[in-house]
Structure formats: C-alpha cells, structure tokens
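Using the hints, position chain B against chain A.
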Amino acid sequence: MRSIRVNPNLMTIFEMLGASSIRKCFDCGACTVTCPFSEEYGGEPFPRRIIKYVKLGVEDKLVASLEPWLCYHCGDCSDSCPKGADPSEILAAARRYLIIKYDFTGRVSRFLHLTNYGWLIGILILATITLLIGLIFRGPIISDRTMLETFAPVIVVDTAGLIVFAVLAIFVLLNVYRMYKFTVGSLKGIPLSIAVKELVEIPKHFLTQVKLSRCSFRSFYFIHLMIFYGYALSFILFVPLLRFTLTNEPFLFKHPLSILGIISTILFLIGLFYIIRGRLEKKHHVWKYSHTSDWVYIWLLALVVVSGILTGIFRTLDYPLPTYIMFALHIILAACFLVLMVPFSKWSHLAYRPFAIYFARLKMIKGSGVHV
Amino acid sequence: MSIGEVLVIGGGIAGIQAAIDLADMGFKVYLVERKPSIGGRMAQLDKTFPTLDCASCILAPKMAEVARNPNIEIISNADVISLVREKSGVFKATIKKYPRYVDEAKCTGCKACVEKCPAKDKLGAPDEFNEGLSMRKAVYIPFPQALPLKAIIDPNICLYFKLKSCRLCEKVCPTGAINFNDIEKIINLYVNAVIVATGYKFVDPRHPALSLYGYGKYPNVYTNIEFERLLDARGPTGGVLLRRSDKRHPKRIVFIQCVGSRDYRINPYCSAYCCMASIKQAILAKEHDPEVDTVILYMDIRAFGKGFQEFYERAIEEFKIKFIRGRPVKIIEDDKTKNLIVAYEDTLKGTIEKIEADMVVLALGIVPNTPAFLADLGLIEDGRPKTLDPQDPIATPIEGIYVAGMITGPKDIPDSVAQGSAAAVRAATYAISRREVVAYAR
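These protein sequences, in sequence, are chains A and B.
Quick note: the first sequence uses this note's numbering, first residue 34, plus one each step.
Quick note: the second sequence uses this note's numbering, first residue 348, plus one each step.
Calculated directly from the structure, the hints in this document are not laboratory data.
Small disclaimer: the values here were computed from a predicted structure and weren't measured.
Quick reminder that beta carbons are idealized off the backbone N, C-alpha and C, glycines included.
Do not rely on the hints blindly, as some may be mistaken.
[Stated by the list, open to error] So the derived label-pair ranges between C-beta atoms look like this: (1) B:E462 with A:K316: 53 to 63 Å; (2) A:I154 with B:D551: 30 to 40 Å; (3) B:Y611 with A:I154: 30 to 40 Å.
Pulled out of the complex, with its shape left as it was, chain B reads as follows:
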C-alpha cells in the first residue's frame, strides 16, 4: 500500500465526482459499487431539474472520465463487508466481490451473448434498471452506457445454473469471456482514507401506512422512479407514456407528493428532491403529449435551489400544470376502466374534491442508505451518518472517513456533486497529512 490510496464506496454521482477529483490529484482510487455498473440512480433519470437537461448527457462524460482515468480502479458487483481502522491508522476494507460469471478482462461488451440468451420474457427477470417495468435476460448488460461495459450472468434464472444445459453464451462469445466456474472473492484493501457515498433508498410504497394508495394492487399507480423510466427514451416503452393496465396513453396524471415523507409513521423528514422531481415529470409528460392534464397534490412546494422557484412558476404559467394543496389518503380504482379516483381536501379552498385519473404517480420519500459497516463503527445515528460538527456534514467522528451525497441527507444532483468534490479534498488533505506518519512507520 502506498500513502496515496483512497477508497470510495458507492458509484453514484457523488462517488464518481469524488473518485475523479482524487484521481486527478494523483491518488489511486478504488471505486466500489454494489451493482454491476456504476452510475447510480442518476443513470436511471431521463432529465434533470430545473434545466431539463438530459441526465445522461451530464453523467456519461463523467463516467467516461472514470473509465479513462488510470488512477481509478472500479470494483463493481461488490459489497464492503467490513471497515476497520488498524493501529497504524490505516483502514482495512474487506470487500466481497460477487461472481459475474464473465471475465471482465476478456469481455468487450459486444452483446453477442445477450442476443443469443434464451432466458427471456417469462424465463427472464424483472429489469432492475427499468424498475421491473420490462424483463431482462439471464445474461445482460445493465444499460447501454454501463461502466464497466461488461456482461453479467444472473445465476437465479440462467438455464445452465437451473438445468445444467444451454451454455449458448459460452459458444457465441468471441473472446471466451464466459466463466461458469466464477466464484465469490474476498478482496482486502488497505487505504488511507475512505469516502462513503452509498446514496439512498426509497421508502417502501407497500408500507402499511401507505397501503390505501394501492401501489402493487392497482396497475396504474406508479412510483416516480417507474414514471421516470417510462419517460426515458431508453426505457421500457421507448419513451412513450403507456398505462400498465391497457397500454393506452394516460390523459390525466395525478402526482401525489410527500408519499412516505413528513410522515411520523414512516419517515418524518422532508425528502427535498420530490417537489422539483414531480414538477419536472409533469412538464415532461406535457412535452410528451400536450393534451395530458397534470395535477400535483402537494403539501408545500419547497423550491429552495438555484432556478427552482422560476421552474415552479414556469410549470404553472407555461405548462398549465395544476397545483392543489392537499394530501389524499386513499385511492379507489374503477373496476372496469382501471381509472383511479383520488379524493382530497383542497386545503386552500376548504372543500372536499375528487379527481378521476388515468395514472397516479407517487413521489416516494427517500432515506439514506446506511451500510452495515458504518453502523459497526458506531457512525450511524437516527438513520444518518454521525458527523463531528453539525456545520460540517462531510466529516465523521473518525478522522479519515468522510461521507458525501444522499447518505448525508436528501439533496439534488448539484449538491451531491459538490459534496463529492468536498469529500475528495478532505480525504486528500487527510491522506497527505499522514505522509510523515507512514514514512516513520516504515
């Protein structure tokens, strides 16, 4: 180990930014990602608010930068199972890398295996990238811009693992990258600083307190990340808005805000991103089909960022999106048409009203995704990372461990990028300060 080695855990936008900044400073960076590809949630987004820029157009160059930078080593499809600070002050990270069954060194991402794989449709599995709105095959590349752009085999549905037959992918692979004998590997890394950017997870839309919204029961109730996939040209419908029940264009879409946010039973905090995300999605729905009626049922519109208030006003004036202040409790489905009836109190008028909608989108709340190794270090408090100083959201009480991105609390992409860079500087400063200590120990 040299003094210039740093571990970044989580390959979302915050982790990617931290990795790039550290690598540019000359540090060797290990970027560990749980999924087969880095990119995180941002990769799933169609557009970003408030500029309506394509998310990929911002993320893909950064991912390309990660791929190009010789100082960054991506360890994908892997989990950090423990992080220990040794006596010397060095962090020992134990990483479990799950088998990919494809040799990353040999695979070129040509997709020959994917085309031939027979485990598709009903034999396939719900596509994680499309939030289960489409099916993927047993051997697959998560999404077109994936990094590393390598295939992966899902042993749960692969016919070879199930029936000991097939092996078609092995036959068609031009480089002989398929390796059915791949096994789980444990990697021990010794690093001088650690950045944890493990992002967030959505509140479960099937939580008992949300059960009356009927998610999972009514086909036309969507979560906002599912809706984002519908809007995306790379998505399950090729960017066409179609209802789950009858594949028709929805003409009336209702967005319900604060689902699983600001609710003491589930998650008492504001999730910060959902106001702007729903406004963005409502605008995009209008852009897809100007005849669509969009209604946002909100509690408070929290437009705190740069250009957010203007974005909100533009949604009202230019796109004629209806904003109604009220919190519905229950959605009723029409048996025949599968339309949804949402009852709410218009709290600014003081009247009880009902709207019939073709589609309902739940703006799901989010909570930090706090990995077990952080809890083992005693760094988790109230579901969030502990910080030394409330004014310093990046530094944990253990010097050398920094946090960035959604794990420190809900925020938007610009703030996540900023925290990624900030954490990179803090990690670099700390690693450099240890130069003499390490030299002395030698």
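For reference, chain A alone in the conformation it holds in the complex:
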C-alpha cells in the first residue's frame, strides 16, 4: 500500500492564500449539490472533496486534482453554504496553491504569493531591469516634435517583445506539462486518435469560456469576456502587428488599425470598471474577497491600459516628452504584468482552465473519473 504524506500546515497556507473561512466547514455537502459541474463530471463531490483534502493536509491528492480549474467561481456554492465557509473562495485559494505547485522554478510563484512584500519586491526588480534595458537601447530624444519610433526603435521593442513572448510561452507550457504530469500522468489507456480529437476542447474553452455562461450571475460572463477580448485584441495589435503601430507618424485616429486599438481599450475599460467596482463593493461572492494577487493583477492591468491610452493621446496631440515618458512607463508596467502574472500568477488561468477541461476529458476516457 502506498503511504500518504500529510502536511499539517496546509490549512494555514490556504488561509494565507485567501481561504480565510475554511475552518468553518463542517462537511455537509451543500456545496456539492449546488455546484452545476458536479454532475457533469460523473457525480464528483465537487468543491467538498478539495476542501476535505485541504483539511486533511493531503497535498499529493490536491496537486493531482483538476477540480479547482473546472470551477468558474460563480459563487453559487458560497450562497448555499450554511456555515459561511465560502467554498468558492477555498477553490480560488486552491487555484493559487496549484499555480505555486505548477511553477517549474519552484520558487518564484511561492515567493510572490507567500512572502510579505513579495509582489512589491518582484515589481521593483523587474521595473529596474526593464528600465536599464530601456536606457541602454533607447534612441535619441527629439523634443521639438513627437518621434516615438526614433526614441524607441521598433527593431528593439519588437525583438524584446518577441523574446519575452517566446520565453513566457515556454514557461507556461513547462508549467502546463507539470500540470499534465501531476494530474493525467500518462496517456496509457487513451487511444491517440481520441486524445488528438479532444484537443479541440482547448481552443473552444479558451475562446468562448462557455461554461462560465452557466453561472447564475450572468453579467460576470460578459464582463470576463470583455477583458479577455480586450486583451486578445491588444496582443494582436502590439505584438505581431507592432511594426504598423509603433511608428513616428501619429497612430490614433489616423491609422486604420487604430480602430482595433479603440475597441480593445473600450472593452478593457468597461470590464475593468465593473471588476474594480465589484471588488470594492464586495456584494457578489465572486468579488467578496480579493487576495493581494487579485489586486496586483487588476491594478497592473489597469495601469498598463491607462498608460497605453495616455501614450496614444500625447502622441496624437504631439507632446514629445510626455509621450516618451508615458511610453517608457507603459513598457515597464507591461513587462512587470506579463513576466510576473503570465507564468507565476493569476494570468496563467487562461492556460490552465482550458487545459484542465481537456485533461478532465482524458481522465474520463481513461475511465477513472475526473479524479485519481
């Protein structure tokens, strides 16, 4: 018989990760019968099994679980919880925990989430590095008219952007591979053709997030989609199409592509407005509790968006120095946001969720249920 290692401090770790009411749970199963996904995955005791693992401290079982990613944090279970243990927040904490566990470096994510001032230190280090690189590679400052491309040569920004993109993509895929190893283990027992056919689940759920629409809190689905598509549009605009957008000519309202930029900023601003307001009001369960990583994620994203908009405005109004400063700030913030969030924190749910749905289907095909 295989022995099971128990970590008696797991509850405390979870409390640090945001599951502050976990000790209130008395295992009644009300969350399980409320969760709309419990039955979909063959009658799995959905949130409660994860809560039980945390209470027992069985980390191995927890790391092998896909359930936290199958949860879309609609908050219905928290509404039905008679003890106020807030199961949806416990699952959110489980996602933070798993992000730490999937992190291939084994350190960075843990440092950010579980150390005092971890985020601040992380942001300061990255900002300094980006600033130094910027100072080394920047072009001449022309102050009588706005020459953004001269100040920040597109060849430099583009190359740096692509390098960051490639590195981060590798990081995320390494983490996803670790997730696959922890959860599915091997493809034994799954015909390759089916495993390939099922791959379609990944882009489907990545692009539509259709499961979130089953949430009783419908407007959350649209808000979430807005942020996602705002993000997707600006990514297309400023990574593959950078040579058209980073030019010396004014961009905003002049270039035909700027319509995409305007749409993406509108989507971003509406989505961010609702999310920040919701998190401050704390009315709905989805937003009742905000972990530090949530706030860092949202504010960094909001600052990246706002600095980007301001760069565009200053550029259009032909204010050279404010444009350069704002652009430098924008790049620094974007670097902090991407490098910290994509592989090591909240952003990674964009990758883990669709992959988890795919892995869950593989496990179902294996016949072992979602669970090990």
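Structure of chain B alone, referenced to chain A:
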C-alpha cells in the same frame, strides 16, 4: 398583595411544572398564557422520545393538577405587556387580557355553541392547534384537553362581528355564557417573584435562505410540527398519514435535519431537539404503515440524553430507518405526481445522489421566544435571556426574575420540567427571603 404571590409567564410544560411546585409549597401562583389554553407545544405532540409515550398522558395529569390546585389562577388569552420592579422590590406586571367573548365563570365547555356555529370550512379559520392543516369554527375549544376548558370566539371570522347577524351560539348556550360585549382588560398584578417560561418559536420555513426547499410552494413538503399533527389520533386526519396533494398514503418519507439550525444566515445554533424528534417521527411513521420507507438526511446525530443513543440504534436495527449524512439544498417537485426529488451528497461515501420522495419533512430549527418586557428590562442578549452566571441558566441579573424551559435554549421535555422545578425553588427561596423586608415596610 401578600408575600406569597408569584407570577409564572408561559403555560407550557416548564411553566406548568413551576406553577404546580410553587402552589404545592403554598404560594399563590398566577399562570399567564398567551393562548386560550395552557399546555404549550407539548399539547400538540403525539408521542415523546425516547420512550414513545403518549405526550398527552404525561401532560394531561399535570394540567389536571393545575386545574385542581386552588393556589393557581390561570390567566389565559393574555399577554404580559410590562414588568417593572418597584422601589420596594415588588414586581408590578401589567397584563392585557384579550376578550374571549365567553364568560369563563359560566362556560362549562359543553360545546353546544361549537356544534351550532355556522362559520365553518371556508368561513372558518386555520386551526392553530393543527398547524393550519384543518379548519376550525368561529367559536371553538382549542383542543379536547384544553385548560381552561372554555370556548372562545374568534372575532375575525365570527358572523356576528362581520355581519351583525347570527348569534346562534348565544341562543344555544345553556348557561348564557356568550358575551359579545366582552372587552380587552388590563390587569395589574403585584408579585414577589417572576418565572418566565415563554418557550420557543420555530424558524420561518419561508425564510429566503430556505426558499429552495419549497415549503408553502410544494404541497407535500411539511414542517415537523405539521407532521406531528398528522401522526396524532386527535389530529386533522385522525392519525392517518395522508399527503396534502392527493390524500394518498406516502410510501417514501424523507426527513431533512438542521433546517434553520446551524446556519449562520438564520440561526447559528443547534436546536437540540430535532434529531430525536425526527427519529421518533420516522419510527411512528413505520408503526403507522410498516411499508413506508423513511430516510433521515442528517448532519450529526446528537443523541446526548438518557436513552437517546439506544433509541437511535433501535431506529436503525429494529425499524430499518435509513440514515444518510448530507445536507440537501434544493427540492424539485414532479409536476404530475407532486412527488419530491431531493438531491444531496452522501458525505460518507462522497457521491451525489437523488431520492424521489412522496413526502418531505423539514426538521425546523427553533429559537427562544423572548418577550418584549424582558428586552425592556435589558435581560435579552444574543436572542436569549441574560444570565448572571453561565453555570446558572435560571437566574437573571435581576434578583426575583427567573427563566425556565426553552427560553433558556433548546432542550427536551425532561430538561424543561427539571428547569421548571428548579426555577420554582429559586423563586420560592427569593420570595421567602423577602418576608422580613415586606413586614418591615408594612
């Protein structure tokens, strides 16, 4: 006023026991009851746990004792509206006695008026004693063992009060007890000690947090006190289990525990009585019809009293009652059959399951019934009476005021009786200790 006068507020089992004990010690007792008859919730019960004794057989002799004892004066259909401690240390209680429209001195309880009253069925009103499962007339006696065994007229449905006609009861009453000119009376009592035994109230089964159980919407969802009335031979169906929707015998009954208990949104505390009450009801349902399947969905079986654990084990072994640990959230009704589908997680197996039931019984949580006059005295804290010492649940911080029964927290009948007696002794001790003070004041 003499030094030997004591007020007992609440005529349930705790108040009755306190009144009897004080009266036997030679005190004059005023027993104030809000309803037309004393007896309280226990009068509504069919059987008691864990012995399955008939509740009436225990309660009725005690009520008869109250009736027989010349030291006890029952003031029924009355509310205590204020309680003040005067400078001399005497308590002044102001009691509002609602009109009964029947002269208590003349009425013999012969029921001649009840038989003739035309305000019945649709013209009647839901019978409080049967939890609204049957209708009563405008003039009625609450239940056969009522005390005082006197008729009462409900002015809300009485045809005389509504249409200024009828007066049939007045014509048939052999003693001329009907008095349509009865009015509300204010009674001032001066007493040396007060026992408050106002009991409990049920959590509202229509509370928004319980709305998914569909009580009030689905006919076959019952509260446990309604189910108790169905089991009772004196009840609305004469002791036959019949569903509200189609008057058929239910074959599968599901009991849901902790409804409105241990729930931070409604009542965070355990209600203590419901585990045993549901086991009792499940056993009684089996005794009524051995073919019935009973399932109890529980959180924890709290079998703390004498004979409780054995009762629980007997329910499993002898009566084959199924116990499943899980808390359902929602009940779905089948449109055609009016059967109920209960989904729950069997938390000991870790599986999601569904049962189709003919009838669902909600084991409602209870909270102390704290009267306004106690709150006015500053004696209510967290929905319960304040006590001087946590180890002494009977004494309030005001000497001379004692509490007993369910008002101090959920408990079973034996504990309520014990507290009634205990409070009686404390009230008597206090009243006697004041003898010299009162004599000096004179």
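Results for each hint:
no., hint, in the structure
1, B:E462 with A:K316: 53 to 63 Å, "holds (59 Å)"
2, A:I154 with B:D551: 30 to 40 Å, "violated (53 Å)"
3, B:Y611 with A:I154: 30 to 40 Å, "holds (38 Å)"
In this structure, the one hint that does not hold is number 2.
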